[in-house]
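> For the record, the sequence lines run as chains A and B. According to the numbering used here, the first sequence is numbered sequentially starting from 1. According to the numbering used here, the second sequence is numbered sequentially starting from 1.
Don't read these hints as lab results, they were simulated from the structure. Ideal Cβ placement from N, Cα and C applies to all residues, glycine included. Treat the hints with caution; some may be incorrect.
[Said to hold, decoys possible] DSSO-like cross-link-like pairs, simulated, lysine-lysine; straight-line CA separation at most 30 Å: (1) Lys55/B <-> Lys20/B; (2) Lys91/A <-> Lys29/A; (3) Lys91/A <-> Lys20/B; (4) Lys20/B <-> Lys90/A; (5) Lys69/A <-> Lys20/B.
[Said to hold, decoys possible] Among the chain A residues that face chain B by a calculated CB cut under 7 Å, a handful are: (6) Arg93; (7) Gly95; (8) Asp101; (9) Thr103; (10) Met107; (11) Ser111; (12) Glu129; (13) Gly130; (14) Arg134.
[As the list claims (entries may be wrong)] Restraint-style ranges between C-beta atoms, simulated for each label pair: (15) His70/A <-> Gly145/B: 43 to 53 Å; (16) Pro15/B <-> Phe9/A: 45 to 55 Å; (17) Pro15/B <-> Ala42/A: 38 to 48 Å; (18) Met1/A <-> Asp61/B: 51 to 61 Å; (19) Gly29/B <-> Asp34/A: 16 to 26 Å; (20) Lys71/A <-> Val10/B: 23 to 33 Å.
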Amino acid sequence: MAILNILVFPDPVLKQASEPVTEFDAEFKQFIADLDETRLDAPGCVGIAAPQVGRFQRVALVDVSANPKHKSNGYMVLVNPEIIEWEGYKKGREGCLSVPDYTGNVMRATSIVIEAQDADGVMQRYECEGFEARAVQHEIDHLDGLLFLDRLVSRRNDLFERKVYKK
Amino acid sequence: MAKWFMLTLVGEDRPGIVAKLTHALFEAGCNLGEASMMRLGGNFTMMLMVGFDGKSKTLSDVVTPVSESLNLHLHVDEINAALHTHLEPDVRISVYGADRTGIVSEVTGALAESGLHILDLESDVAGSKDSPIYVMHIEGHAAEGIDSLRAALSLMKDRGIETSLEEIDTLIG
Ligand SMILES: [Zn+2]
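Chain A extracted, bound-state conformation (with noise of 0.2 Å):
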């Protein structure tokens, strides 16, 4: 087990794509352990990408059951994840392992439905709500090179967007 070294903007590698996993080896098993590792290591922190430790794969591992006040599904190892639906938009605030010392206000969809091969390749599939929702599209961004800082809004003028119903 080893906690990995988490790159910080302005890096410009964290702006970069990552590529489709093909391999499930035990090599790749034991990188999602010391990944997972690294991401508990940080206080707070509820998910973590695998470009944010300069290994650029398509992994993200979420875990929002920390607080059990969020709907949660526990531990999702999220391999190769494809965002298949989601509804309703929300803004809520974000800071981010590699963007230290900054949090700001983000629209994410609210809830989601994502497809995802777990560690040993086998496709799986969440249902994710609320704040669940808003960490994995904050991995799945940094698997296509994006920072929250990409997706910022401003924080004035909100007071009516509670409730957005999609048509």
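We have chain A already, so just place chain B with the ligand on it with the hints.
Chain B with the ligand only, in chain A's frame:
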């Protein structure tokens, strides 16, 4: 290490204020920190942290030609400050109602007694000239928890003030 100064500038809004001011600061070797700038009632207001290796008077002399040419009031204070000392808000409160005197004082008074530390407040007067509405948006830290703030806000409805409170759950990922 450079000292931090707080620069406050206010004056009639016109295009190019920020560019001209920051150019003068850049030429003088100043470093910009946190800043808040916005247009309020046709005036442009700026508050900015400026790192500068010199005296307050010297910094004033750098800025004065620009502020005078743009007709801005200038105020310079040396401050005891540092970057990277953000306090994270954990609650967001929105308030609106028919505009009348005393709304801000009533709401913020009740919230302060219930443990709210305001980190950011913005307000506006909307509606029409004949029936203005007051809109306020606060982010802060609930030192005594969210429930005491909810209780304080629940008393506002009878006074014609609509409020809503939302916890800010900052995601780190
Ligand atoms: Zn992140």
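> Hint compliance check: list the failing hint numbers for this structure, sorted ascending.
2, 3, 4, 5, 10, 11, 12, 13, 15, 16, 19 and 20
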